[in-house]
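K.L.:
Sequence:
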Amino acid sequence: MLDSAAPAALAASRRAGTLARVRLQDIASRADAEAFQAEAIEALGGEPCGYKIGATSSEVQQLLKCREPIEAPILREHVLASSATFSIPAGLLGIECEFGFVMGRDFPAPEDTPELGALRSAVAECFVGLELVCRRVAPEVPLNEITAIADFSLDVAVVRGAPIPDWQRHDLAGLPVRAVLDGVTMASGTGVAVLGHPLNSLLWLATALSKRGQPLRKGEIILTGTCTGITKVAPGQLFQGRFGDFPAVEIRLA
Numbered sequence: 030m031l032d033s034a035a036p037a038a039l040a041a042s043r044r045a046g047t048l049a050r051v052r053l054q055d056i057a058s059r060a061d062a063e064a065f066q067a068e069a070i071e072a073l074g075g076e077p078c079g080y081k082i083g084a085t086s087s088e089v090q091q092l093l094k095c096r097e098p099i100e101a102p103i104l105r106e107h108v109l110a111s112s113a114t115f116s117i118p119a120g121l122l123g124i125e126c127e128f129g130f131v132m133g134r135d136f137p138a139p140e141d142t143p144e145l146g147a148l149r150s151a152v153a154e155c156f157v158g159l160e161l162v163c164r165r166v167a168p169e170v171p172l173n174e175i176t177a178i179a180d181f182s183l184d185v186a187v188v189r190g191a192p193i194p195d196w197q198r199h200d201l202a203g204l205p206v207r208a209v210l211d212g213v214t215m216a217s218g219t220g221v222a223v224l225g226h227p228l229n230s231l232l233w234l235a236t237a238l239s240k241r242g243q244p245l246r247k248g249e250i251i252l253t254g255t256c257t258g259i260t261k262v263a264p265g266q267l268f269q270g271r272f273g274d275f276p277a278v279e280i281r282l283a
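Numbering (this note's numbering), first residue to last: 30 to 283.
Think of the hints as simulated: they come from the structure by calculation, not from any bench. For glycine and all other residues, C-beta sits at the position ideal for the given N, C-alpha and C. There may be inaccurate statements among the hints.
[To be verified] Quick list of in silico lysine to aspartate or glutamate cross-link-like pairs, EDC-like style, CA-CA up to 16 Å:
1. Lys247 x Glu88
2. Lys94 x Glu174
3. Lys240 x Glu144
4. Lys240 x Asp141
5. Lys240 x Asp55
6. Lys261 x Asp211
[Said to hold, decoys possible] Here are the computed distance ranges between Cβ atoms for each label pair:
7. Asp55 x Thr214: 34 to 42 Å
8. Ser150 x Arg44: 18 to 26 Å
9. Ser112 x Gly146: 18 to 26 Å
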């Protein structure tokens, strides 16, 4: 049984960029992990402004031994502009290239059918983005569905790049995406890695939230999952996500 102070301890480690002595492996179920995460988010403080979605590829689902994606709120203070500098905390796993969406209205509204056509009409913007993923616990804590969810679903920060003009006219599933480190392509993929299409990931989140009585809210940003796996980085490096011929989204590591 975890101590009642464990969520606050994990939040404190996230703020400090250190590792916590918290036995997340003692959490019994996915539901318990989600409840733990909610307490840790509350202890962390800050203004929620959207969500990250993880485990949207079969490879990551196999790694975490889960059958569906995971998610966590994004806090506004953890949304960085492209070309920002980020100091690497303890436990950083690496960086992911992801499609992001901005909601143009609440979804689902009472009159909405929760399907892709209605969802597409509710999206105001698609942008190129990055997510920095991290653990706040020691390596001996197993990495799996439960421990990942409890640990903020591995989120530490996101980078919001430029919007894709006329995004609905582009084939996001087929758009080539590259993870570029100091000018060298380290990994590549497409939007098909994200549950077949990034909008499928967004629909999964909308459905999961609606079961809790929560819609996606107008103005929220959502990162939909990696197209390029996780690229390890080190201080002094420049990481870029390149999505087709659109302007790169980048972050400098310190």
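K.L.:
Could you run down the list of hints and mark each one as holding or not?
P.N.:
These are the hints, each one checked on the structure:
Among the hinted pairs, Lys247 with Glu88 is inconsistent with the structure: their alpha-carbon atoms are about 32 Å apart, more than 16 Å. Among the hinted pairs, Lys94 with Glu174 is consistent with the structure: their alpha-carbon atoms are about 6 Å apart, no more than 16 Å. Taken as a hint, the Lys240 and Glu144 pair is honoured in the structure, with Cα atoms around 15 Å apart against an allowance of 16 Å. Proposed proximity of Lys240 and Asp141 is supported: the alpha carbons are some 14 Å apart, at most 16 Å.
Distance restraint check for Lys240 and Asp55: the Cα-Cα separation of roughly 26 Å exceeds the 16 Å cut-off, and the hinted pair is therefore not satisfied. Taking the CA atoms of Lys261 and Asp211, the gap is near 12 Å; set against the 16 Å cutoff, the hint holds. Taken as a hint, the range 34 to 42 Å holds for the pair Asp55 and Thr214, whose Cβ atoms sit roughly 41 Å apart. Between Ser150 and Arg44 the C-beta distance comes to about 38 Å, which lies outside the given range of 18 to 26 Å.
A hinted range of 18 to 26 Å for the beta carbons of Ser112 and Gly146 is inconsistent with their spacing of about 36 Å.
The earlier numbered hints that this structure contradicts are 1, 5, 8, 9.
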